[in-house]
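2 protein chains.
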Amino acid sequence: MDILIKNCNLISMKENHEKYEPNMDIYIKQGKVYKIGKNLDIKADKEIDASGKICMPGFVNTHTHISMSIFRETLDGYSLQDWLNKKIWPMEDKLTREDIYYASLLSIIEMIETGTTTANDQYFMAEDTIKAANELGMRLQVTRTVNDVAGLTEQRINELEELIKNYNNKYDNITLNIGIHGLYTTGEETVKRLIKMAEREKLPVHMHFCENEKETFDIKNAYNVESATDVLEKYFTRTHNILAHVVKVTDEEIDVLSKMKVNVSHCPVSNLRLGCGVAKVQQMLDKGINVSLGTDGQGSGSNLDMFDTMKFTGLLQKGVFEDSKNMDSYEILKMATTNGAKALKLEQKIGTIEEGKDADIIIINLDSVTCNPVRKCILRFSI
Amino acid sequence: MDILIKNCNLISMKENHEKYEPNMDIYIKQGKVYKIGKNLDIKADKEIDASGKICMPGFVNTHTHISMSIFRETLDGYSLQDWLNKKIWPMEDKLTREDIYYASLLSIIEMIETGTTTANDQYFMAEDTIKAANELGMRLQVTRTVNDVAGLTEQRINELEELIKNYNNKYDNITLNIGIHGLYTTGEETVKRLIKMAEREKLPVHMHFCENEKETFDIKNAYNVESATDVLEKYFTRTHNILAHVVKVTDEEIDVLSKMKVNVSHCPVSNLRLGCGVAKVQQMLDKGINVSLGTDGQGSGSNLDMFDTMKFTGLLQKGVFEDSKNMDSYEILKMATTNGAKALKLEQKIGTIEEGKDADIIIINLDSVTCNPVRKCILRFSI
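Protein sequence lines correspond, in order, to chains A and B.
Taking this note's numbering, the leading residue of the first sequence gets 49, the next gets one more, and so forth.
Taking this note's numbering, the leading residue of the second sequence gets 49, the next gets one more, and so forth.
Among the hints, a few may not be true.
Copies of the same chain are indistinguishable here, so a pair counts whether it falls within one copy or spans any two.
To be verified - Capping the alpha-carbon separation at 27 Å, the derived lysine-lysine pairs in DSSO-like fashion look like this:
1. K179 / K101
2. K262 / K80
3. K135 / K373
4. K86 / K373
5. K67 / K86
6. K135 / K67
7. K213 / K393
8. K67 / K244
Think of the hints as simulated: they come from the structure by calculation, not from any bench.
Full structure from sequences and hints, please.
Here you go:
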């Protein structure tokens, strides 16, 4: 089936291009953007009138735990470590494959409803999350998270190998990466094995990093280093790295992260909820780091709504660092789209609306009270 | 007309009472809550099935500039002072009474849509905002803001006197207060006259206070005092005071505010947007200060949605002050309801759902993806 989107306000997110183009048509054929232009004279199986609406690339959520929808709003008032040790991990031990499947369906519906077309998931029993994604047409990057907790390292590594064997390059919408839970839960030997696997398979690494003060302290202790980034410089130089959170790092460590060209997934809502602090996002962007956006799981992040995450991202950088010039709204849109695509090494396929790329497009209806009287108020920020 | 709400999940917000009562009925007669109970055997003109829904008191937004809906998303990246001097004030000079009326209609529709039944407004041409409120059934406390900017002090004071003469005690849903823009824009002589007016009319005072570092600095300079609270201690001891923002105050100044029993209206979204910082709300609550919530106008606050404001309030206190135990969700609901009613001296009429009070009730539909699977997830916090 081919589709013609008529008369939209296009935010293509293409580099060095008009930020906002009114009255544009988009012709989609076999799931790809075939032609973009004004008044396209093409007959399509399906025509969508997008007058007064915005078309833009679907959001890329670069840090999720999709199956955690079943933990939504169950906990409040815990620190990261107490939350994991006392609550989440014991509950996770009881999850069945059926739980994972239905929890994934719920989360994917939530993402589609709020404009996210791609998510980078770190959890377990990924096969059942893939099944849900395929049924609903979602694009995912998935993994089987590995750590050394409870002495189950071998089992987890085996499951990750199995996942790679069965699913790498199997579906066009499903890519894989190597999930390392974090350096405070995963020792040197395991990290070395996982890095080797990432190099062998040419897959990105996806890891939590310096989420709060205690984690940063624990990493230094466990690895006997002066700085958490020392571990990255020792083992992670040849892999493509996606680091979630990155809240508690010094200015010097930000310089190291910039030099290493890591990809940071900023998860502001989760960081606030668990009392972790606010990441220095504007500073990281100024240093050329590719910062994208994540919601984290609903256990800490409440929801998977990237509009919420964008709003928190902009407002926190302005308010907490007391400079209203921080984070213009277009920069935030980039974080939610093109930066996310780059983080997942999917920038050839998604992240912008342009001819030849996959048609991961969202249409945003501005016909609401809070979008009046200004029509360009996507993000609730001026563009 | 009388109304029977059937089978709701009641969050009455009554002190020393169950926080959450399932399967409750509420009978409303002549606009007042007449009876609350299980399985009420009453025939009413209108019956509302609230099964699976939450009933709670309508939110009280204690700091708005209702007519600023027309400035929504027009500006980004300004400090408070530049925003006022270079942008907002010149635009406001051009507003007509017709502008104020339609802008008020839009804002009041937005408030009703998002569960707010009472707002405390500080603007001008309040007569036209009152007209809009009466047409839509909104409860308002209004004023005519006075400051010394542009030498128009006399005109503004006359308009405030006129407003009091024409509207004090005229409508059941409309109350008045004395609007002082701020101590950085209003000199000692004008403040003294307005305080006298507040005492004469027994009306509360509504004033911006210490919104950012520069304002706090300017107050000290203008009044030649060591601390901005010195001015309050000199002139504001016999009035009921509602202070908006209160971001840049020291621990000692918080003690003074507590001793003076001022009412603080916390406006987190606006404070972030204008780069002002984050108010020490948990600390103020711990010191016994009555802190309620405000959205500010849409020029700085983006919207009038108290759900947004509640979410920012809780998450900021946890995240920025790095303690996830800060601000439990019921405390936030109190700020949005009972604390707001107290701030406006309306606690005998609104703020809780109880027999004898006005039926300012909202019904919240939880039938959405983000409210699954937990049904009590109002606020996106556990209750």
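Each hint, compared with the structure:
1. In this assembly of identical chains, the alpha carbons of K179 and K101 never lie at most 27 Å apart, being 32 Å within a copy and 33 Å across copies at closest.
2. Proximity of K262 to K80 under the C-alpha cut-off of 27 Å is found in neither arrangement, the shortest distances being 46 Å within a copy and 53 Å between copies.
3. In the homo-oligomer, the alpha carbons of K135 and K373 lie at most 27 Å apart only across protomers (15 Å), although the nearest pairing inside one protomer, at 40 Å, exceeds that limit.
4. With identical chains, the CA atoms of K86 and K373 are never at most 27 Å apart, being 35 Å at best within one copy and 54 Å at best between copies.
5. Taking CA atoms no more than 27 Å apart as the test, K67 paired with K86 passes inside one copy only; the shortest distance there is 16 Å, against 57 Å between copies.
6. For the identical chains of this complex, K135 and K67 are inter-copy neighbours only, at 24 Å across copies versus 45 Å inside a copy, given an alpha-carbon limit of 27 Å.
7. Taking the shortest Cα distances, K213 and K393 sit within 27 Å of each other inside one copy (20 Å), while across copies they are farther apart (68 Å).
8. For the homomeric pair K67 and K244, neither the shortest alpha-carbon distance inside one copy (41 Å) nor that between copies (54 Å) is at most 27 Å.
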